[in-house]
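*Asks:* Here are the chains, one letter per residue:
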Amino acid sequence: MKTAEQPFRFLTASYITQIGNQKANNLLELADGLEHCSDASIFHHTFQSLGRHHFITEGFSNDFAQWVLAGLNRVELAEQLAALDIRDYVALPDLRRDLRRLVDNYCASRESHASQAAFESFYFCESLQIAVPVASEAWTLEEFRNGLASLSHASLEFHFLVSRLRLHLSTNDFSKWFTDELQLPTLAQRTNRIDIYTNTLQGVQEKLLSLIDRELAA
Amino acid sequence: MSTATAPPRLITLNDYVPLLGAPEIDDLRWLAERLRGRSVEMVNSTAMGGGVAEILNRVIPIMQELGLGIRWEVMTGGNDFFAITKAFHNALHGGAYESRPENFATFLANNEANQSHLNLDAEFVVIHDPQPVALINARRNHSDHWIWRCHIDLSSPNPDVWNFLEPFVTRYDGTLFSSPDFTRQLSIPQYLFYPSIDPLSDKNRDLDAEYVQKVLERFSIDRTRPILTQISRFDYLKDPIGVVKAYQIVKRYMDCQLVLAGGGAVDDPEGGAVLEEVRGVAKDDPDIHILDLPPWSALEINALQRASTVIIQKSLREGFGLTVTEALWKKKPIVASAVGGIPTQVIHKHTGLLAHSIEGTAYQIRLLLSNPAMAQKLAEQGHEHVREHFLITSNVKRYLTLFCHLLGQSAALEK
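Taken in order, these protein sequences are the chains called X and B.
Just so you know, the working numbering puts 19 at position 19 of the first sequence, and the rest follows in order with no gaps.
Just so you know, the working numbering puts 391 at position 391 of the second sequence, and the rest follows in order with no gaps.
No lab work stands behind these hints, which were simulated from the structure alone.
The beta carbon of each residue, even a glycine, is placed where N, CA and C say it ideally should be.
Any given hint could turn out to be false.
Stated by the list, open to error - Here are the in silico distance ranges between beta carbons for each label pair:
{"no.": "1", "chain 1": "B", "residue 1": "Asp15", "chain 2": "X", "residue 2": "Lys2", "range": "38 to 46 angstroms"}
{"no.": "2", "chain 1": "B", "residue 1": "Leu200", "chain 2": "X", "residue 2": "Ser170", "range": "57 to 65 angstroms"}
{"no.": "3", "chain 1": "B", "residue 1": "Thr12", "chain 2": "X", "residue 2": "Ala135", "range": "35 to 43 angstroms"}
{"no.": "4", "chain 1": "X", "residue 1": "Glu79", "chain 2": "B", "residue 2": "Ile249", "range": "53 to 61 angstroms"}
{"no.": "5", "chain 1": "B", "residue 1": "Pro372", "chain 2": "X", "residue 2": "Ala83", "range": "42 to 50 angstroms"}
Stated by the list, open to error - If you only want the chain X side, here are some residues facing chain B, beta carbon under 10 angstroms, derived:
{"no.": "6", "residue": "Phe55"}
{"no.": "7", "residue": "Ile56"}
{"no.": "8", "residue": "Glu111"}
{"no.": "9", "residue": "Ala154"}
{"no.": "10", "residue": "Ile196"}
{"no.": "11", "residue": "Thr200"}
Construct the entire structure; sequences and hints are all you get.
*Replies:* What follows is the structure in structure tokens.
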């Protein structure tokens with residue numbers, strides 16, 4: 001069994017939400033907020049929102065779509081916003097641009113809806129993260145499996161989802177380590193393809209354990 | 001043996017493992033490692049009664065078990081002081097307020113008197129609610145961190161009271177609010193801190209089926225037919241009359257019962273009036289059960305929630321809405337108004353259904369009663385939502401995260 005030159009160090013993370021002073025009460029204000037909010041806020045309301053709501057395995061996509069549906073009852077735009085797949089993006093400015101484009105287009109085609117007041121306000125927020133090491137580290141795939149089996153949801157979210165921001169959205173901590181340290185590109189690709197939209201974090205963990213078991217048995 | 005008679009014992013972190021899993025509890029321990037031995041002080045204005053004291057009663061022992069040097073101090077004050085802070089409380093919720101300069105003087109004098117006997121030298125000082133907000137005057141060491149935890153809705157306060165309090169608030173390092181809707185534009189950071197429930201408390205712990213059945217029998221509620229329940233004080237803002245009207249619409253299509261259970265009718269003159277009005281609207285319908293319960297009815301409320309088919313929270317105005325949290329934790333499908341902190345908990349069509357009117361409430365209830373599979377899915381997702389975000393352990397985790405964040409900021413400034 002291959003031993004890595006650098007171990008995988010399992011971390012866990014915790015977050016608090018900082019509430020910004022910017023909010024939207026209609027679609028025009030949402031468009032303005034999307035233009036001016038921080039990248040961290042875009043990340044919070046898309047990638048991290050998916051992590052916070054991982055237990056919803058049908059239909060939840062991002063905070064913007066959910067607010068347009070529940071706060072404004074604009075189903076068509078909500079569907080369009082929800083259809084943006086965060087895995088298609090390798091840069092947050094691109095995701096921001098597409099979110100903005102969808103809202104702008106909708107406002108342009110339905111001017112009367114653009115300034116309709118929402119039932120509730122949308123607040124642009126950011127997550128503050130604290131990451132701390134947990135006891136285990138892995139030098140081999142077997143040790144990695146043992147560590148993975150006892151990870152919390154927060155740790156999985158940190159390594160599988162939030163790591164994408166650090167890694168320019170293209171991969172995750174697990175896949176990167178499989179490729180860089182164990183030279184297992186196929187396992188890395190399969191791991192990266194696990195669908196966070198239709199799996200809970202528990203489901204992600206189980207699928208990944210299953211992929212590793214297959215690799216170990218091969 | 002009835003669950004209701006189980007003797008109390010000291011709850012430890014390990015007691016949460018069967019509910020949350022060992023990794024989640026281990027995370028708290030890893031996070032707390034950075035804070036081991038650090039001093040924390042929580043200050044509020046009451047040791048018993050009310051949601052803040054209830055939460056602190058659990059947060060303090062958990063943080064102690066995690067190795068933090070945490071204390072809880074309660075400020076003192078005379079009847080005049082608490083009459084003024086009660087008036088402030090109502091004014092901050094947007095109620096009328098007759099401005100009297102002597103009230104502000106009394107408020108400040110009382111805070112100053114508390115400064116002399118409270119020990120406010122901890123590294124992290126968390127001041128809860130407006131009553132002790134002026135204790136910030138006691139801050140001497142600016143390397144300490146002072147946080148103001150506001151449990152009330154400040155979105156539309158009386159300007160006289162807010163203009164008096166704001167200069168104190170903005171001297172803190174940050175504020176904690178239960179919902180973004182409750183915040184104001186401030187020059188200091190504002191963090192989202194949800195309130196929480198304790199899954200091991202009498203209000204929320206698992207109950208024997210036998211005990212639940214006994215409670216139903218005591219109140220003559222039929223378990224074989226759907227039970228719609230709203231748990232709340234008899235208060236116009238909780239709209240119990242709207243709930244009865246929604247039930248009456250549902251009843252045209254489906255056989256069901258309504259339980260309205262809560263307190264507040266004995267010691268609150270308005271509560272008595274609301275109760276009478278509700279009884280009037282309910283007429284003599286034997287399927288409407290109006291239960292004016294005493295404050296020590298946590299187990300009965302727990303049983304009623306567990307026996308319910310659908311839980312309703314049709315408030316016209318709401319704080320965070322911890323009765324919603326309790327219902328979701330018990331895996332109950334819920335129909336609730338989109339007010340206060342409710343939309344944070346009831347994610348429409350994912351963890352429950354939101355409504356904006358009596359007719360809408362009735363429609364959503366019918367939808368749930370007609371679609372048990374959908375109702376079950378919403379309820380299960382609602383339970384997970386609470387498990388992840390609104391339990392006492394999440395509350396502790398947020399405090400630990402905040403303290404680590406503040407320490408990190410200090411370290412960065414020192415470099």
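*Asks:* Indicate, hint by hint, whether the structure satisfies it.
*Replies:* For each hint, the structure was consulted:
1. B/Asp15 - X/Lys2: 38 to 46 angstroms: Hint holds: Cβ distance 42 angstroms, inside 38 to 46 angstroms.
2. B/Leu200 - X/Ser170: 57 to 65 angstroms: For leucine 200 of chain B and serine 170 of chain X the Cβ distance comes to about 43 angstroms; the hint is violated.
3. B/Thr12 - X/Ala135: 35 to 43 angstroms: violated, 21 angstroms
4. X/Glu79 - B/Ile249: 53 to 61 angstroms: The hinted range 53 to 61 angstroms is violated for glutamate 79 of chain X and isoleucine 249 of chain B, with Cβ atoms some 30 angstroms apart.
5. B/Pro372 - X/Ala83: 42 to 50 angstroms: Roughly 30 angstroms apart at Cβ, these two residues miss the hinted range, so it is violated.
6. Phe55: Holds, because the Cβ-Cβ distance from phenylalanine 55 of chain X to chain B comes to roughly 4 angstroms (cut-off 10 angstroms).
7. Ile56: holds, 5 angstroms
8. Glu111: Given a least distance of 24 angstroms, the restraint on glutamate 111 of chain X is violated.
9. Ala154: holds, 6 angstroms
10. Ile196: Result: violated, 15 angstroms to nearest chain B Cβ.
11. Thr200: holds, 8 angstroms
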